[in-house]
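Asker: For reference, the chains in residue letters:
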Amino acid sequence: MTAISTTKAKPTGRREFSAGKALSYLGMAVVAIYCLAPFYWMVVSAFRRPQDQFDNSPIPAPFSVKNFGAVFKPGVGFGRALVNSLVVAGATTLLTLVVGTFTAYALARLDFKFKNIVLGIIVATSMFPTISLIVPLLHLFTNIGWINSYQAMIIPDLSFVLPLAVWNLNAFFRQMPFELEYAAMVDGCTRGQAFRKIIVPLAAPGVFTTAIIAFIAAWNEFMIALTMVNKKEMQTATVSISKFTGAYGFDQPFGTQMAAGVLVTVPLVIVVLLLQRRIIAGLTAGGVK
Amino acid sequence: MTTTTAEPGTVAPVKQKNKSDVQGSGRLAAVLLSPTFLVLALVVGYPIIDALRESMYQRSNGLDANGFVVKGDKFVGLKNYTDILTGDASHAFWNAFYNTTFFTVVGVLIETILGVAMALVMHQAFRGRGFVRASILVPWAIPTAVSALLWRWVFQADGVANAMIGHQVLWTTEGFHAKVAVLIADTWKTAPFVGLLVLAGLQLIPAEVYEAAKVDGAGTWYTFRKITLPLIKPVLLVAVLFRLLDVLRFFDLPFVLIGAHKDSVETLSMLAYDEASNLRYGPAAAYATILFVYVAVVAYAFVKLLGADIIGEARSRKKTAAKRAKKGPRAAREATA
Numbered sequence: 001m002t003a004i005s006t007t008k009a010k011p012t013g014r015r016e017f018s019a020g021k022a023l024s025y026l027g028m029a030v031v032a033i034y035c036l037a038p039f040y041w042m043v044v045s046a047f048r049r050p051q052d053q054f055d056n057s058p059i060p061a062p063f064s065v066k067n068f069g070a071v072f073k074p075g076v077g078f079g080r081a082l083v084n085s086l087v088v089a090g091a092t093t094l095l096t097l098v099v100g101t102f103t104a105y106a107l108a109r110l111d112f113k114f115k116n117i118v119l120g121i122i123v124a125t126s127m128f129p130t131i132s133l134i135v136p137l138l139h140l141f142t143n144i145g146w147i148n149s150y151q152a153m154i155i156p157d158l159s160f161v162l163p164l165a166v167w168n169l170n171a172f173f174r175q176m177p178f179e180l181e182y183a184a185m186v187d188g189c190t191r192g193q194a195f196r197k198i199i200v201p202l203a204a205p206g207v208f209t210t211a212i213i214a215f216i217a218a219w220n221e222f223m224i225a226l227t228m229v230n231k232k233e234m235q236t237a238t239v240s241i242s243k244f245t246g247a248y249g250f251d252q253p254f255g256t257q258m259a260a261g262v263l264v265t266v267p268l269v270i271v272v273l274l275l276q277r278r279i280i281a282g283l284t285a286g287g288v289k
Numbered sequence: 001m002t003t004t005t006a007e008p009g010t011v012a013p014v015k016q017k018n019k020s021d022v023q024g025s026g027r028l029a030a031v032l033l034s035p036t037f038l039v040l041a042l043v044v045g046y047p048i049i050d051a052l053r054e055s056m057y058q059r060s061n062g063l064d065a066n067g068f069v070v071k072g073d074k075f076v077g078l079k080n081y082t083d084i085l086t087g088d089a090s091h092a093f094w095n096a097f098y099n100t101t102f103f104t105v106v107g108v109l110i111e112t113i114l115g116v117a118m119a120l121v122m123h124q125a126f127r128g129r130g131f132v133r134a135s136i137l138v139p140w141a142i143p144t145a146v147s148a149l150l151w152r153w154v155f156q157a158d159g160v161a162n163a164m165i166g167h168q169v170l171w172t173t174e175g176f177h178a179k180v181a182v183l184i185a186d187t188w189k190t191a192p193f194v195g196l197l198v199l200a201g202l203q204l205i206p207a208e209v210y211e212a213a214k215v216d217g218a219g220t221w222y223t224f225r226k227i228t229l230p231l232i233k234p235v236l237l238v239a240v241l242f243r244l245l246d247v248l249r250f251f252d253l254p255f256v257l258i259g260a261h262k263d264s265v266e267t268l269s270m271l272a273y274d275e276a277s278n279l280r281y282g283p284a285a286a287y288a289t290i291l292f293v294y295v296a297v298v299a300y301a302f303v304k305l306l307g308a309d310i311i312g313e314a315r316s317r318k319k320t321a322a323k324r325a326k327k328g329p330r331a332a333r334e335a336t337a
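Heads up: the sequence lines are chains U and B, in that order.
Residue numbers for the first sequence follow UniProt numbering, beginning at 1 and rising by one.
Residue numbers for the second sequence follow UniProt numbering, beginning at 1 and rising by one.
Check before you lean on any hint, since a few could be wrong.
[Said to hold, decoys possible] Straight line, CA to CA, 27 Å or less: simulated DSS-like cross-link-like pairs of lysine-lysine:
no. : chain 1 : residue 1 : chain 2 : residue 2
1   : B       : Lys214    : U       : Lys21
2   : U       : Lys73     : U       : Lys243
3   : B       : Lys226    : B       : Lys304
4   : U       : Lys232    : B       : Lys262
5   : B       : Lys262    : U       : Lys231
6   : B       : Lys304    : B       : Lys233
7   : B       : Lys179    : U       : Lys243
8   : U       : Lys231    : U       : Lys243
9   : B       : Lys304    : U       : Lys113
Hints were generated in silico from the structure; no laboratory data involved.
Next comes chain B alone, as it looks inside the complex (with noise of 0.2 Å):
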């Protein structure tokens, strides 16, 4: 508050101001931050480190030495882990890592192929953009499960799909079909919203761009590869990411859909959540903790690899910043900040 003589609307007082919020701001921050932070390690923190642990232990059911029914948990190492990858439980557990994985490439993949495509259609709109823009949100609204329950309505056997294809498919039984009906569901409810995000991208793109494509004679399918593309390539790496993390922790719409204890359709989520509900945490655990590092090593190497940059927000804020800092104080101000 040392600046008195501030001229409101002048570049020079707000800078020095700034300044001084700078000493002051790294406790501010710390009081502002703490209460999130402390939620998170206790909501997120918390259970990943205590997962680990519990997918060392087993339930005891066993007699000890003297004949005594042993209670509570013993500790057995990695044998939860070995018993997944190489034992028992390892045809289970190498299907569910299957079906993930196969849910997660070909649906992530249908679903960033329609996405981009209405969002290219809603961007070409001349009227009633708004209206599709509304019905778009329709599908991301609905929850998950219910979505489920009516897509398990449509592929019933004498439901309206096979009414329309004419054929009698065992949709919601065992085989390839219910994998294609999973992903037909899962379709429809997130290639809109990834549409919606690329639209936003497309809609960062200047007009200029396209006008000069055309003078120099670019066809669509040119204009589209080599400037729609490479523009909004920040924008779908962040869907495609969200996407993917989301799926690989599929749980509500094969559960629902299709149903439990299912081979074709069982994800690893829905595996951990059985061997939870049967009260065997340490397996449960241990297939959670595997899911986990699954997650970690997707996200880390497509960042790693495509580079995509989900809080590059924080960083190109900075670069426009100083671009428009030559427009006028409020934009200057920014650009100190």
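Next comes chain U alone, as it looks inside the complex (with noise of 0.2 Å):
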């Protein structure tokens, strides 16, 4: 955040000439194509009518949102599909939270031996393979009869979120001016009510910051509820669109899809791009300092 923010004040070159500036405008111009023209594409798709889908046309010219209306036919199950999205992700960053705020906390507070080593055994099993987990979880929870169930989503899915969530916050309170909460105590306030009184306020935007990356990665993962669900009724969003099947079989119904896929990206492209200061304060913050 700090980072960010400095560099603004710095002079930038301003007695570069208009050539130096075109060409940097050019560099932006191709980098915000780059990142929106694909997402440009899925949209535009998602609103053209479904007989209208191979058209190449850059705007869609008869407007339709019948391709909409396909994801949410009663066959689809795309309903459900979010709502058993929501619950596993939402579960997830709870749970994430309320386990890894106590650890963030110790990290970046408490002095102690082997902290580096604890720092380094958390972010090491955020990089394990998934799939060296999924499989004997997968075993295990056939085993058990867990196979379908939320709980056989939400309990991997803390394998690389709650890693995620530790690092995030540990990087948040860090930078906490926590004179403040050594003030509080010589004013009379115990640990206890320092930790709720001030701590706690001014710790939660970065408490916030965390659980939108955290139900961001858990919305977006794929391999854990396909893996975990063999039932349509508990898939998660992701994989719902990925096995939407065409009228026919064969073909695929790419106009639904593209529109499923807005449906579900754009209420998180929307917050990120409203948060996206703290968001990227956040994801950088394991990266440099």
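Combine the two chains into a complex, taking the hints into account.
Answerer: Written out as structure tokens, the structure reads:
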């Protein structure tokens, strides 16, 4: 956060000629088009009429929401899939925050032996290949009858969301002015009170940002949800979309899939854009400083 | 709580408080850390070890000496591994191993170069940096599975990709073009993320360094090579390591974009998934364990050879805190912490 704001004050090369400026604008346009064009194509394809699906014009000529209607046809079960995704991602986020906040607080605030090793272990666990965890867990969950249950998705999700959350929270907690806590304790607060009345309100934005990042990570998960569930009613949104079938079995219903893709992506994109500064600070927290 | 004469703002009493903190904090830290470690032990530690055990078993479907059907798993030692490395399954394994390595090396190389280029563009920006930075978050926010479908749509036989190049390429069928399609889709999603990390690193470089280089007459390329690159190296290494380990476990993108059982794009994760979903847990666990070892070796080599410092945050923090110690009581406290 601070890193980003400090450079704003930095004097940029104002004396550069307009050629350099033009080049810079061109570069930015290329980057923006690179990032947005495929996304734009998804939105455009979603708003075409199904019979115009293979039309390659950049704007849907007769604008249509028929694809969105197809997404919510009763046989597709997409509404249920959205609910499943919400339950899995929501529960994962909540559990992660409850467990991770304490750990991140300890890592950021307390001085103890093996701190670097502890941090190293937490980071390392998030880098293990998911499949190495899935195979034994699938066997275990099959044996205890947990296949097609929420917990069979939530528990493995913790393996990568929890380290991510601890890492982010740790970075946020470190930036907090903890002398306020001392001041409160000097003024007669107990450690608990100081934590509750000073630290918690200060930490709220960091916790909130971490919650968003954790939620997005869990919401976007595909492999675990694909493995642990074989019943349509329990599929999450990402798995459900990838399994949409066309009317005749073989043709892939791309229009419907793009419409569903827009539905699961646009809310995330809006939230991300609204909170972009915070999210960038969270994402880059592990890399710099 | 023995600091009775504490005057807020001065250094001495704060220091004392800190010392008493250190004595009690070991136990407190253990209490606060234990939930996370309990969860990680259950969802990461246990499966890794169980995969190792499981990889030594095979589902038995034979009859015993008396002609009864033998149920349950049979211990086979390292047979699963020898089957994979040299036996019947070796073709599929080495193919997947090659694909995984190919995607990792080529993909990460392209993503890193593009990511650094994007970061440089954004760093040079006069106006509109906010907009570009926002647009860079869009590929990151899209679920990989959905982005794979999007690219599958783009790469259809009569899709927009073929319309643009004016050629008929059947991207999603077997062949080298399938690899290219996967690489393009992966690069689109992850190069901006690398760019974001590198941009954060670029913004830490003080402007004076560049001004000094300019005064000394250094050219653009020379400045980039001798000043920018060495200064962003720590951030870049961490970004590259994250990307390396992420591509090594590649699954969603080739699975949805091209499909299962396609030799051109099958990765180790896909192979293990396939075995597991066919209830052949033994071989699946063996594949998973081999992938785990591969990832561990790459990570270890990367950290050892290039000195990527993932948790360096903790250490460098202390250094900067020590530097700031002269500036005020707050920094002094941090330095002693």
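Asker: Hinted pair, alpha-carbon criterion (27 Å max): B/Lys304, B/Lys233. Please report holds or violated.
Answerer: holds, 15 Å
Asker: Quick one, are U/Lys73 and U/Lys243 close enough, alpha carbons at most 27 Å?
Answerer: Holds: U/Lys73 and U/Lys243 sit about 15 Å apart, inside 27 Å.
Asker: Is U/Lys232 close enough to B/Lys262, meaning Cα to Cα at most 27 Å?
Answerer: holds, 25 Å
Asker: For the pair we were handed, B/Lys214 and U/Lys21, check the Cα-Cα distance against 27 Å.
Answerer: holds, 18 Å
Asker: Holds or violated: B/Lys304 and U/Lys113, Cα atoms, limit 27 Å.
Answerer: The given pair, whose Cα atoms are some 23 Å apart, holds under the 27 Å limit.
Asker: Hey, B/Lys262 versus U/Lys231, does the alpha-carbon distance stay inside 27 Å?
Answerer: Cα-Cα ~25 Å, so holds.
Asker: Take a quick look at whether U/Lys231 and U/Lys243 sit within 27 Å of each other, Cα to Cα.
Answerer: holds, 12 Å
Asker: Take the C-alpha atoms of B/Lys226 and B/Lys304, compute the straight-line distance between them, and say whether it is at most 27 Å.
Answerer: At roughly 23 Å apart (the allowed maximum being 27 Å), B/Lys304 and B/Lys226 satisfy the hint.
Asker: For the pair supplied as a hint, B/Lys179 and U/Lys243, confirm whether the alpha-carbon distance does not exceed 27 Å.
Answerer: holds, 22 Å
When the structure is compared with the earlier hints, no violation turns up for any of them.
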